[in-house]
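Engineer: Chain residues, written in single-letter form:
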Amino acid sequence: MKRSELLSRILITVAVLATVGTPLFIWARTPLIHAKIAEDGGWNPDIIKVNVGEPLHLKLTSDDVVHGFAVGQMDMQSVDVLPGKVTDITLTFDRPGIYTFFCTRWCGLNHWRMRGTIEVTGASDSPIPAEPALGEVERVPMYVTLGLDIDAPHEAPVIPSSQPSASSGRKLAANLPIDRSTDYYRANSPYQVFGELSNTSMTDSQRWDVAAYLWQSNTTAESLANGQQLYAQNCAACHGENGAGDGVFADDLAAAGESSTQTMTGADNMTMQTPVDFTDPTRMLGASPALLQGKILRGGMGTGMPMWGSIFTEEQIWDLIAYLYSFQFNYQGVTQ
Amino acid sequence: MELTRNPFIKNALKSRYPQLAVFIVMLVGYVFAILAGLIGTPVGSHNFSIVFVWIAWWAILILVAVPFFGRGWCAVCPIPLPGEWLQRGAVLTPPDKKPKWLNLRWPKALRNIWLQNISFLLLALFSSVLLTTPNITAIVLAAMLFAAIGLSTIFERRSFCRYLCPVGGFIGLYSQTAPIELRIKEKQVCVTCDGKPCYNGSANGYGCPWDVFPGGLTKNTYCGLCMECIRTCPHDNIAINLRPFSADLSKPSTRMDEAFKAFIMFGSAMIYAGVLLGPWGALKDAAYNVGTSAWFMYVIIFLGMIFIILPGLFSFSLSLSPNPSPAGRGVGVRVFASLATALLPLGLMFWVAFSLSFVLTNATYIFVSLSDPLGLGWNLFGTANTAWQPMLTSILAPAQTLALVGGLIWSARTAQKAAGEVKVSSIPVIIYCFIATLAMLWLLL
Chain A
1 MKRSELLSRI
11 LITVAVLATV
21 GTPLFIWART
31 PLIHAKIAED
41 GGWNPDIIKV
51 NVGEPLHLKL
61 TSDDVVHGFA
71 VGQMDMQSVD
81 VLPGKVTDIT
91 LTFDRPGIYT
101 FFCTRWCGLN
111 HWRMRGTIEV
121 TGASDSPIPA
131 EPALGEVERV
141 PMYVTLGLDI
151 DAPHEAPVIP
161 SSQPSASSGR
171 KLAANLPIDR
181 STDYYRANSP
191 YQVFGELSNT
201 SMTDSQRWDV
211 AAYLWQSNTT
221 AESLANGQQL
231 YAQNCAACHG
241 ENGAGDGVFA
251 DDLAAAGESS
261 TQTMTGADNM
271 TMQTPVDFTD
281 PTRMLGASPA
291 LLQGKILRGG
301 MGTGMPMWGS
311 IFTEEQIWDL
321 IAYLYSFQFN
331 YQGVTQ
Chain B
1 MELTRNPFIK
11 NALKSRYPQL
21 AVFIVMLVGY
31 VFAILAGLIG
41 TPVGSHNFSI
51 VFVWIAWWAI
61 LILVAVPFFG
71 RGWCAVCPIP
81 LPGEWLQRGA
91 VLTPPDKKPK
101 WLNLRWPKAL
111 RNIWLQNISF
121 LLLALFSSVL
131 LTTPNITAIV
141 LAAMLFAAIG
151 LSTIFERRSF
161 CRYLCPVGGF
171 IGLYSQTAPI
181 ELRIKEKQVC
191 VTCDGKPCYN
201 GSANGYGCPW
211 DVFPGGLTKN
221 TYCGLCMECI
231 RTCPHDNIAI
241 NLRPFSADLS
251 KPSTRMDEAF
261 KAFIMFGSAM
271 IYAGVLLGPW
281 GALKDAAYNV
291 GTSAWFMYVI
301 IFLGMIFIIL
311 PGLFSFSLSL
321 SPNPSPAGRG
331 VGVRVFASLA
341 TALLPLGLMF
351 WVAFSLSFVL
361 TNATYIFVSL
371 SDPLGLGWNL
381 FGTANTAWQP
391 MLTSILAPAQ
401 TLALVGGLIW
411 SARTAQKAAG
421 EVKVSSIPVI
431 IYCFIATLAM
441 LWLLL
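Protein sequence lines, in the order shown, are assigned to chains A and B. Just so we're aligned: 306 in the numbering used here is position 306 of the first sequence, and the numbers increase by one with no gaps anywhere. Just so we're aligned: 19 in the numbering used here is position 19 of the second sequence, and the numbers increase by one with no gaps anywhere.
Pulled out of the complex, with its shape left as it was, chain B reads as follows (with noise of 0.2 angstroms):
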């Protein structure tokens, strides 16, 4: 169902004053969560920058805007506006012929997202620390925003959030399981474009800033939501669409940097799990003592259970098909990564089954935080002094049992769908789904 057959979002989405709103409310957001990491309480459940970075953002994230929009958190994110106004040298006004800055192309090597694979485990890797630690999450927030701005002056477009950013990779390969997609109307009429104003600019607005030609967009993987091919396209070809759940799945991905991006996705939620949720007080340490034996031991399992155990569990089942490739690969890259496919609903959905206990567990700071976020005694809403009390407890364990099951039957499913695609069993990969929603119920529950 195209939504922008409606009038009212379709002007809202060409005019860019709605988006720009909600850009400073963002932006002052962001920068506030900076100040208050560096200057508030170093408290982190009382601190405003923890609370509503790790907990509030988090939650909206990972159980909204993840399965029901996407990419749609990267349409209103603040991170790469700095950067993006001081690339095109201004907020509204279209561009110039001329760039402003170096506006180099991304080296061709790194046109992928093996950075962000790498940037997503540096920050899981000290997570414990981070998400515990005011004045540690607003360097990291503040070097983000840094690093936004300086790769805006040295390449083209938004070069941070498609080849750098920590959670773009997850969130953009999640995003295929959105029911929600932009994508041209007819094919012919890109095809016969002149200058193709939504890759290049034009007078009405700025070429794809993440790269695309929209023209050739069959997945959300990889677009931003900007919107601003809406406003560029001459023929008003580009629609939002409405779909099923999940539809860019039937096309696999063959890429193994994506592939990985499941892995560690799918080990990262297990592992989270298993040091932030379980009972065991030596993980845990290893975890929070950044730099010592144990942490550098936790490390190790960290990225072995990852980049090794995970990924060859997948393999070696993959070898035991009963059905091999009509080739005879068996454990071909082609095969290895399409049915890696199959890991990201199961992925998504032990992120949502973990993020729900952790959230639910933790949301009553949020009241605090909002009316003293800064720790100095304000009380701004009258909440300040709420006590902490996990919410929900009664339907917890049950949502997570339901989102795991359902993951799992949703990762048959699409587990069967690749399989198809490569000709290979699907059984293997769905016996290894079953046993990895298992060991998740034995961590959560």
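Same shape as in the complex, but just chain A (with noise of 0.2 angstroms):
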């Protein structure tokens, strides 16, 4: 064989076999988490695991759509995952446990179901118990406390005729021998408030107007805005911009709910499909925050709505429920 054969056959061999396995190699060594919308898959991997203290990198890409990555019950801002792009994350966790992770654009139906762990292990540093480790949901939630059957119907039977104003209630609850503790507020909704002041000479309207003000004086501006953030962030998609059960998600549930497999029932569970218009005040005046917590850190069990209480704090919960009321009460003109 001439030389000139024999280098040419060489170069070719070379070259293709470095085209090949060059990039190969460094593609086996780069472990990307890939998302892609939940009916295609989710995150992929879905459990990542840690040790305590030790720093995670992160390498997030999309094979799709936008998608959003945060980590529940963390101090972290969202970072966008990008079609055929690389976000680069750093996380450190300083408590053992399972944390959610979870993503945070609307990227399509079943958006709330990309959702994966990172189970942390190790021995912790930090003086909170190992178990349990994450936040402070892990107590006891209010609603089992108070016994609450979270699926039942709570509808009140008397509704107001024009929505009650915190303003007014604030100057006709002055002299009232009404509990305004945190625990009551939680405890009790507006409607059993408006139901223990039928003793006293107000007006209907005006028994709503105090239950108005008993809601404004247990939250505050900032806890108002915080659960305004987290509702546009995380419910807005279905539960609507305003509250109404009519986000952008909303019709196609209720045209995906025969064949959904959310259903238990097919058909006849359709309406579990539709999500929750929180301007009726004939179900949220009948609903004590207590509830809504349930409902909120729990899930719907069957319907779209997703269980919140792996990636909301504790305060994060309330400061959402008391946005929630917003849609039925006017807070305007009450000064903390």
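Since the hints were made in silico from the structure, they are not lab data. Just so we're clear, the structure is a prediction, and the values are computed from it rather than from any experiment. Among the hints, a few may not be true.
[As the list claims (entries may be wrong)] Covered stretches of chain A, going by a simulated chain B footprint (3 or more residues, C-beta under 8 angstroms):
hint, region
1, 7-13
2, 54-68
[As the list claims (entries may be wrong)] Pair ranges (Cβ atoms, derived):
hint, chain 1, residue 1, chain 2, residue 2, range
3, B, Asn385, A, Thr121, 33 to 43 angstroms
4, A, Phe25, B, Leu63, 34 to 44 angstroms
5, B, Leu313, A, Val66, 37 to 47 angstroms
6, B, Ile139, A, Phe25, 16 to 26 angstroms
7, B, Leu63, A, Glu54, 49 to 59 angstroms
[Claimed, not checked] In silico DMTMM-like links for lysine to aspartate or glutamate, alpha-carbon gap of 20 angstroms or less:
hint, chain 1, residue 1, chain 2, residue 2
8, A, Lys49, A, Asp94
9, A, Lys85, A, Asp40
10, B, Lys108, B, Glu156
11, B, Lys14, A, Glu5
12, A, Lys2, B, Asp96
13, B, Lys284, A, Asp64
14, B, Lys185, B, Asp236
15, A, Lys59, A, Asp46
16, A, Lys36, A, Asp252
17, B, Lys98, A, Glu196
18, B, Lys196, B, Glu156
19, B, Lys251, B, Glu421
20, B, Lys14, B, Asp236
21, A, Lys171, A, Glu196
22, B, Lys97, A, Glu5
23, A, Lys85, A, Asp46
24, B, Lys196, B, Glu186
25, B, Lys100, A, Glu5
Glycine included, each C-beta is placed from N, C-alpha and C at the ideal position.
Make the complex out of the two chains shown on their own, each in a separate frame, by following the hints.
Structural biologist: Here's what the structure looks like:
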């Protein structure tokens, strides 16, 4: 064989092998976490393991649309995960436990199903006991303490004729012997407060105003703003920007009802797919904050409502609940 | 003008090494495109295979290579190389007398471009998925590579390029319009040449891989510009010439496979413009959702448009000719095929106008993909984060209009020549081209 022929063959073989081998080698050593809409598999991998205190370097990429990444109950900014791009993020966990990471962009109908877990093991330097390790929600939730059946109907038999005003209620409540404690507020629905005021000389409208004031006095502008932000990021996709149950996914949820695996008995339960309308006074004024806490913590069980217990802190949930009532009550004109 | 008079050009073409260097670069790029399609990001707009094949390569092919160099792409295409090297048992060494593989002749019944018409249509019908899904692109690229290898071991020469390659068919057809050609210098030299080494091979090189006898070349259609005959000709009788655009079209083809290729390309450009650039969501969905009833409807419309509606209207327009052929045949096969030649310039310009649109819209993805070809977060050339932005938007519509109007004029001129050859009126064809141009203008603008 001529030398030129031999060299040509060697050159071609080396070039092709290098073209295949080098990228393959680098590719195999670059573990990416792939995000896809839930219908196509969600996160892959969806279980990540790390030791306490060790930096966890993650490379995130989206295989379809824009997703977001955040870890529940961690003080971190959500990062965007863009199609075909790689987002680098480093996390360090100082307490062991199972953390939930989730998508923060409305990526598709089952966006809320895009979740995974980070299993953090090892000894913690933190004085907080290892089990339960995450946040404060591991305390027994109030709805459990109160023994509430969060799936039972909770409609208010009577609703106000106009939106109750916390400003008006404030003046009326000044001389009333009502319990203004946080525990009382959380354990009772506005309708229950309305009922307890039936032995006063106030009109129905005034009694609702007092309830509105009581609700307003148990929150702060900061909590409401925080609740509003959480709502906009996590709830509005289904429940609607204005709480009317008409979010961008609402129609799709209804349409998907019969075929969706989310329903247990098919068409009969299709109504379960309809996001709750927070502007409906019958439903909202009959619900206590503790009841709503249970629904948010646990989720809808068979409906499209996800469980948020592993994502929101207890404080965030109370802030969110305070904001939900703002769809019923007029808080304007009241200063803290 | 004979380019091979220039000693630098002539020596560069006669030597195998410059071509081999280009071949290796192209083959490496091709293999990398397959790999990127398989292991890179599935996001088409960021995957090397999609961006470099369907945006960069396509832009170079349709906007530069075909209009100016004819089969220039075929001269450097990597697809047949592994098969050809295997067939020859060598990369550079001149051939043995004895074939190493089956070396069969291609079946006579298939010595036309109907298989290329079919292979192009197969890709065209799946193009919405093919053009956006990296692993499908990778599979198709690999399949073509292996098909070329397989055919090289069974049949003689470059059977894949000549009879099966889905892009080779239209490149050949449109290469007739290009201002470059490979031709013999003196016919008598070829007539008296012993052994015809340009076709049969010699110690200096291989017999024409495209199964063409250069001495009989009158058109670019089936000459792959592989330059082998320049190396084998013992009389230095092969030249590369610069010539006027569309010189080959003055001798219209009478072959129906080529005529229908013209309709396939003509119709495909219009359908693509509607599907990929048009505002019709249902049409897009139908094209993308392969296997659904909507897609089957799309297939029926696509094929109906190409095989029935466009040729039918063409045929009908010819039948209305105020100056039918002397024999009174009206729409004879010869007339039909000859006048279909007139669709070539306009068809090419349809593709130029359509390609300008999506190439300029998506060109910034080339910079992104160049720096991060596998979507692993690299930034090799600092361009990985280039924001998507359509380029040269202000000149797009004028350039498309110019291409289409220019194509219409070019086709009208070609129609006059073709009509003269078969002695019928060119007016119906010109009106047909005019209406098609209006339709394309509407679709694009």
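Engineer: Hint by hint, say whether it matches the structure.
Structural biologist: Now for the hints, and whether the structure bears them out:
1. 7-13: holds (count 4)
2. 54-68: It holds, with 5 qualifying residues against the three required.
3. Asn385(B) x Thr121(A): 33 to 43 angstroms: Cβ of Asn385(B) to Cβ of Thr121(A): about 36 angstroms, so the range 33 to 43 angstroms holds.
4. Phe25(A) x Leu63(B): 34 to 44 angstroms: 36 angstroms, holds
5. Leu313(B) x Val66(A): 37 to 47 angstroms: 45 angstroms, holds
6. Ile139(B) x Phe25(A): 16 to 26 angstroms: Cβ of Ile139(B) to Cβ of Phe25(A): about 23 angstroms, so the range 16 to 26 angstroms holds.
7. Leu63(B) x Glu54(A): 49 to 59 angstroms: 53 angstroms, holds
8. Lys49(A) x Asp94(A): 14 angstroms, holds
9. Lys85(A) x Asp40(A): 19 angstroms, holds
10. Lys108(B) x Glu156(B): 13 angstroms, holds
11. Lys14(B) x Glu5(A): The given pair, whose Cα atoms are some 17 angstroms apart, holds under the 20 angstroms limit.
12. Lys2(A) x Asp96(B): Holds. Lys2(A) to Asp96(B) sits at ~14 angstroms (cutoff 20 angstroms).
13. Lys284(B) x Asp64(A): Within the cut-off at roughly 18 angstroms; holds.
14. Lys185(B) x Asp236(B): 9 angstroms, holds
15. Lys59(A) x Asp46(A): 13 angstroms, holds
16. Lys36(A) x Asp252(A): The given pair, whose Cα atoms are some 19 angstroms apart, holds under the 20 angstroms limit.
17. Lys98(B) x Glu196(A): Cα-Cα ~107 angstroms, so violated.
18. Lys196(B) x Glu156(B): 17 angstroms, holds
19. Lys251(B) x Glu421(B): The given pair, whose Cα atoms are some 8 angstroms apart, holds under the 20 angstroms limit.
20. Lys14(B) x Asp236(B): 10 angstroms, holds
21. Lys171(A) x Glu196(A): 18 angstroms, holds
22. Lys97(B) x Glu5(A): 18 angstroms, holds
23. Lys85(A) x Asp46(A): 19 angstroms, holds
24. Lys196(B) x Glu186(B): 14 angstroms, holds
25. Lys100(B) x Glu5(A): 17 angstroms, holds
Checked against the numbered hints listed earlier, the structure breaks hint 17 alone; every other hint is satisfied.
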